[in-house]
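Those protein sequence lines, which keep their order, are chains C and A.
First residue of the first sequence? That's -14 in this note's numbering, and the numbers climb one at a time after it.
First residue of the second sequence? That's 993 in this note's numbering, and the numbers climb one at a time after it.
Honestly, the hints are just simulated from the structure, not real lab data.
Being a predicted model, the structure only gives us computed values, none of them experimental.
Note that beta-carbon positions come from the ideal geometry of N, C-alpha and C, so glycine has one too.
A couple of the hints might just be wrong.
Here are the simulated distance ranges between beta carbons [to be verified]: (1) C:GLY14 with A:VAL1264: 56 to 62 Å; (2) A:ILE1208 with C:GLY14: 39 to 45 Å; (3) A:ILE1137 with C:ILE9: 37 to 43 Å; (4) C:PRO123 with A:ILE1324: 45 to 51 Å; (5) C:LYS223 with A:GLY1133: 53 to 59 Å; (6) A:ILE1324 with C:GLY14: 52 to 58 Å.
Derived DSSO-like pairs: lysine-lysine, alpha-carbon spacing no greater than 27 Å straight-line [unchecked claim]: (7) C:LYS99 with C:LYS115; (8) C:LYS154 with C:LYS115; (9) C:LYS99 with C:LYS129; (10) C:LYS181 with C:LYS154; (11) C:LYS126 with C:LYS115; (12) A:LYS1205 with C:LYS126; (13) C:LYS63 with C:LYS115; (14) C:LYS63 with C:LYS99; (15) C:LYS209 with C:LYS63; (16) A:LYS1122 with C:LYS63; (17) C:LYS129 with C:LYS115; (18) C:LYS115 with A:LYS1205; (19) A:LYS1205 with C:LYS99; (20) A:LYS1205 with C:LYS129; (21) C:LYS99 with C:LYS126.
With the C-beta cut set under 10 Å, the calculated list includes, among others, these residues of chain C facing chain A [claimed, not checked]: (22) PRO65; (23) ALA68; (24) ARG147.
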Amino acid sequence: MLDTHASTTPLVQMSDIHKHFGGIHAVEGVSVDLYPGEVVGVLGHNGAGKSCLMRMLAGAMLPTGGEIFVNGQRADLKTPQDAKRYGIETIYQTLALANHLDAAANLFLGRELKTRFGNLDETRMHAETKDALRQLNPNFKNLKDPVARLSGGQRQVIAIARAIYFQAKVLIMDEPTAALGPSETAMVADLTLRLKDEGIGIFLISHDMHDVFDLCDRVMVMNKGRNVGTFRIGDVDKDDILSLIIKGALPDGWVPRGRTS
Amino acid sequence: MGEEKNFVTAKQVTSGMRFLPTGSALHKLSALLTLLLLIAAFSFTSPAFLSVNNGLTVLLQTSVIGILAIGMTMVIITGGIDLSVGSVLALAGVVAGLVIKAGVPVAPAMALGVLAGAACGLVNGIVISKMRITPFVATLGMMMIARGVALQLTGAAPISRLGEAFGLLGNGTFFRIVEMQPNGFPKVIFPGIPYPAVLLVLTALLGAYLLQKRQIGRHIFSVGSNEEAARLSGVNVDRTKIWAYTASGALAGLAGMVLMSRLVTVQPNEGVMYELDAIAASVIGGASLMGGVGSISGSMIGAFIIGVLRNGLNMAGTSAFIQQIIIGIVVIGAVYIDQIRNRN
Ligand SMILES: Nc1ncnc2c1ncn2[C@@H]1O[C@H](COP(=O)(O)OP(=O)(O)O)[C@@H](O)[C@H]1O
Ligand SMILES: [Mg+2]
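Bound-form chain C, shown alone:
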């Protein structure tokens, strides 16, 4: 079904991933892959297991079973630091920033630049942050304010700038626009396409069908922890996807859309 990538190794390959919390089977034998310059939508109801699956790739959660390969190599992602070492960066809906710290402190959090004497190199961190943010949004101001005072869009720009600055190869966007207004949502969509053009592979969790059809090359639908179908975006329409999300199956008598009529 998906033969376009047959020649290259996938950037990420998640294979038969399981995650159990006691009796709850949050993720049940999910396999999915991601290629450079590709946006794969991860769709599903609330509680379908999307965030859990992505957190395991981000090193923020340990799988109960299954394997993850990055560039064809088996990767042991025990901590967020491990994932970052593989170039896997994550943008979260809300959780990612320390409100009392400014943009630079957040961008470099955990990977602070230091002077020769091991002190924090504030000058350089501010300069680099200014560059990184201005590239994404020329109007970015309030660089020295605690990020609590910034708008949702500005906060998300910081998170995206962080991923770019540290040269993400794989970007996980877990509902990146859930807390944003329409213009900010458009800006994030625009940035997503720019990153894709640079060859970054992106997993995008979204509930917004416009975003999904505008941005994604493929979609993977989860239902009750299972992968109920991975499709090229051209092969499905909105009703197919909704049916997968709700029923966990395609509408009766479905044929790939791109190949009919």
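Here the structure of chain C is known, so what remains is to put chain A with the ligands in place on it, guided by the hints.
Using the frame of chain C, we list chain A with the ligands on its own:
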């Protein structure tokens, strides 16, 4: 002199306004203003208050609470609390006293005392981060354990006759000027700057440096601000918390050395409720018990507000009970003002 100081603050307030101080800078400024107002008020009510001698007394009295408040501030910024410092201070003193009695010289014995404090803090940090016990409960447990060990080791009796050298840290001074009078008796021109005060300043500078200029400080703030975000950003949250509690324990040990040395006796029941003064100092100085906010300079102002209040009320003949009541009201007032400001 009171007028002069008020003038200085007025200038600071206006210059602060011009640069639009952030919430915490404003809090620090109002705390400083409160301190200066207190000094002015007490100088007015008791003339002996504003003397070099009394100033140095306040400095000496504040140094123990100040040193405790430095560690407490770090812990509070992580979003935690350390209720064990008063007991750890006593246990550290007992450890130093016992090893001196066993024949160890004073300096290494005191270092061992500080290490004992650090060890208590390390245990706090491990219990909190690895066993996931809340800081309140974990350090409340340590408060009882450390006090119990201190009393058990000594049979609740003070350890005295520790030698003159043991009293040096708490009673020594720099720049003491003594003049021989014609009648053969010495006259103290300048009583000298007490070692504990110098130690307080050095510790505060070190603490502020670590919090503001080093990665560990940045991580301490991030953990208190948003622990999950810090973890996802790659901050080692457990290590950061363990570090903060260990520092608090070590500083409690250091405060214990200062206090016991001043008494030239190890008292296993010293330091009861000191944790509350240290917490009060941090909170008055602008630290938020929710985490993510606080500063060493603010906490030093807070420590001096408490020190000046105690000293001034003493000189005015107020009873210790009334002092507790007043300090309690000041703490609630400081937090209340902070909340009102944060709501805006
Ligand atoms: N840390 C956790 N502990 C227990 N259950 C969890 C945890 N995280 C998620 N779950 C459960 O796993 C399931 C999948 O959650 P999640 O991945 O967040 O769903 P989604 O992101 O698709 O809305 C849900 O039933 C949720 O309650
Ligand atoms: Mg989710």
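Results for each hint:
no. : hint                                : result
1   : C:GLY14 with A:VAL1264: 56 to 62 Å  : holds (59 Å)
2   : A:ILE1208 with C:GLY14: 39 to 45 Å  : holds (42 Å)
3   : A:ILE1137 with C:ILE9: 37 to 43 Å   : holds (38 Å)
4   : C:PRO123 with A:ILE1324: 45 to 51 Å : holds (48 Å)
5   : C:LYS223 with A:GLY1133: 53 to 59 Å : holds (58 Å)
6   : A:ILE1324 with C:GLY14: 52 to 58 Å  : holds (56 Å)
7   : C:LYS99 with C:LYS115               : holds (17 Å)
8   : C:LYS154 with C:LYS115              : holds (22 Å)
9   : C:LYS99 with C:LYS129               : holds (19 Å)
10  : C:LYS181 with C:LYS154              : holds (10 Å)
11  : C:LYS126 with C:LYS115              : holds (9 Å)
12  : A:LYS1205 with C:LYS126             : holds (24 Å)
13  : C:LYS63 with C:LYS115               : violated (32 Å)
14  : C:LYS63 with C:LYS99                : holds (26 Å)
15  : C:LYS209 with C:LYS63               : holds (25 Å)
16  : A:LYS1122 with C:LYS63              : holds (17 Å)
17  : C:LYS129 with C:LYS115              : holds (10 Å)
18  : C:LYS115 with A:LYS1205             : holds (20 Å)
19  : A:LYS1205 with C:LYS99              : holds (10 Å)
20  : A:LYS1205 with C:LYS129             : holds (16 Å)
21  : C:LYS99 with C:LYS126               : holds (24 Å)
22  : PRO65                               : holds (5 Å)
23  : ALA68                               : holds (9 Å)
24  : ARG147                              : holds (8 Å)
In the structure shown, a violation is registered for the earlier hint numbered 13 alone.
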